[in-house]
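Colleague: With these hints in hand, go ahead and build the complete structure from the sequences.
Now for the letters of each chain:
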Amino acid sequence: MVETRSRNGWVIWLSLVLALLLSVAPMPAFLESGRPLWLALFLTYWVLALPHRVGMVAAWLFGLFADVLYGSLLGQNALVLMLTTFFVLTLHQRLRLFPLWQQSLVLLVLFGIPQLVQLWLFALAGNRPPEALQFLYPVLISALLWPWVHTLLRGLRVRLQVN
Amino acid sequence: MGDAVIKPLFVKGPSLGVRLLVLTVLSVSLMVVDARFDTLKPLRSQIGLLATPLYWLADLPTRLWEDMTLSISSRSELLAENEKLKAEALLLQRRLQKLAALTEQNVRLRELLNSAELVDEQVLVSELIGVDPNPFTQRVIIDKGSKDGVSLGMPVLDARGLMGQVVEVMPYSARVLLLTDATHGIPVQVNRNGLRAIANGTGNPGLIELRHVADTADIKEGDLLVSSGLGQRFPAGYPVAIVKEVVRDSGQPFAIVRAEPTAALSRSRYLLLVFSDQRTPEQRATDSAEAQEAADRDAAARQEAAAPTPAVAPAPAAPAATGENRNGRN
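For the protein sequence lines, the chains are B and H, in the order given.
Numbered per our numbering, the first sequence spans residues 1 to 163.
Numbered per our numbering, the second sequence spans residues 1001 to 1330.
The reader is advised that the hints may include incorrect statements.
As the list claims (entries may be wrong) - With the C-beta cut set under 8 Å, the calculated list includes, among others, these residues of chain B facing chain H:
id, residue
1, E32
2, G126
3, N127
4, L160
5, V162
Unchecked claim - Beta-carbon label-pair distances, calculated as ranges:
id, chain 1, residue 1, chain 2, residue 2, range
6, H, E1066, B, Q134, 41 to 47 Å
7, H, A1100, B, P130, 46 to 52 Å
8, H, E1081, B, L140, 41 to 47 Å
9, B, P130, H, R1211, 18 to 24 Å
10, B, Q134, H, L1021, 52 to 58 Å
11, B, L140, H, R1196, 43 to 49 Å
12, H, G1017, B, G34, 53 to 59 Å
13, B, T151, H, R1233, 28 to 34 Å
14, B, R159, H, Q1122, 54 to 60 Å
15, B, R159, H, I1256, 56 to 62 Å
Calculated directly from the structure, the hints in this document are not laboratory data.
Where a beta carbon is used, it is the ideal one built from N, C-alpha and C, also for glycine.
Modeller: This is the structure:
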């Protein structure tokens, strides 16, 4: 409680803002349908590493901001991200012990379920849902990116002693 | 380290399940309120104030790259481009000369027809600063917002045709729904013969579909579709799309008509916002009636002054003139 209370906390929030930025960065049209779920990836890392700093409320608030950014219904991305965080927190003890590739496999499911909810809300809001399994590409790509994101953010956390 | 990890276990607030429940209920109620009522719109546009710099920042690399290529492009390239632009300007000027006369004529004819349709609308130039990251919607963000006078439902065009309409206004930016979004529809008219139809987006960039066109309707490949101005949202007479394919299947109740938007929906960087007529139809009717009365009085005065000759000379030229004017705008 003494000196380790909150050190370099800004790194967490800055990285999450960076994730938001990445999620609206312009991309070539053919890559657009496979855009990684940057915010979910970054949030998952911080929730796994520092569950006492980043939790469901933070995820929900960032989701709310993402909603404004994407112009979706207020609360849509908030719900989805909060759900992802909830799953990560429930499996927290187990996930931390897994090797990276196994974490990727689990994340495939953890990102997949909220993505289905996302699709459902998207259709409910009056949009025409995409054909085939296109909406699951981002999940696959995010799971493949996980080891890199994990290594990168871990390096950052260790170097800056974020706590 | 162990100290820091263990401690939070004891200062934990409500359990995960409780938090899940509370936040879920909160999100769902927010969504319902946002979808059904307007109460959250001001909040949204205020948070949007924070979102604008983020879009600006995300777009920065593209802009820097463009600036850089511009500054290192060779002199000969610039000269060639200059030549090309000069030639283009000359062509446009020629058309403009003709247009001035035609517009004049058109206004006169419209007065005779007792219609007070606007011939020239006010426009505002804006720049694209972002594209919607969701691949299943067709929306873009522009750098003009409510502070510049942008309002909900404003039509947006580029140099080649209609692009869409404003669906969300933030203080310094706005969101534009493109013609090709699956939730967008626009009333159009075949330029060749005036056949009316509704063009719906397909969600596919570069393709729109005409709904409920009879199998026997006179529409064919290559026809230009212009906005018809019905529905009071889009100004009339702007090019919308060119018909690419007409499938007449006798097993289907309607013909399938696919068209390609004339505007460069995925390439244009500079867009025009059109300030349409803010008057209500009643006001417009009153205004036009007053204008007509004034014109009648004028004509009567002139008739009294001069010999009684009818002032309706250019009437036979009317259809040709309007057609020419539309072509001139394309």
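Colleague: P130(B) and R1211(H), beta-carbon distance inside 18 to 24 Å?
Modeller: holds (21 Å)
Colleague: I want to verify a distance hint. Is the separation of the beta carbons of G1017(H) and G34(B) within 53 to 59 Å?
Modeller: violated (34 Å)
Colleague: Kindly confirm whether 46 to 52 Å is satisfied by the beta carbon distance between A1100(H) and P130(B).
Modeller: 48 Å Cβ-Cβ, so the 46 to 52 Å window holds.
Colleague: Does the Cβ-Cβ separation between R159(B) and I1256(H) fall within 56 to 62 Å?
Modeller: About 60 Å separates the Cβ atoms of R159(B) and I1256(H), which means 56 to 62 Å holds.
Colleague: For the restraint on N127(B), tell me whether the closest CB of chain H is nearer than 8 Å.
Modeller: The hint holds - N127(B) has a Cβ within 8 Å of chain H, the shortest such distance being about 6 Å.
Colleague: Given V162(B) as an interface hint, is its Cβ closer than 8 Å to any Cβ of chain H?
Modeller: Hint violated; V162(B) Cβ to chain H Cβ min 11 Å, cut 8 Å.
Colleague: Is it true that E1066(H) and Q134(B) lie within 41 to 47 Å of each other by Cβ?
Modeller: This hint is violated: roughly 30 Å between Cβ atoms.
Colleague: Going by Cβ atoms only, is L160(B) closer than 8 Å to chain H?
Modeller: violated (15 Å)
Colleague: Are E1081(H) and L140(B) spaced within 41 to 47 Å by their CB atoms?
Modeller: With Cβ atoms ~44 Å apart, the hint holds.
Colleague: That 43 to 49 Å hint for L140(B) and R1196(H) (C-beta), does it hold up?
Modeller: Once the Cβ atoms are compared, 45 Å apart, the range 43 to 49 Å for R1196(H) and L140(B) holds.
Colleague: Do the beta carbons of R159(B) and Q1122(H) sit within 54 to 60 Å of each other?
Modeller: holds (56 Å)
Colleague: Starting from the range 28 to 34 Å, see whether the pair T151(B) and R1233(H) falls in it by beta-carbon distance.
Modeller: violated (51 Å)
When each numbered hint is compared with the structure, violations occur for hints 4, 5, 6, 10, 12, 13.
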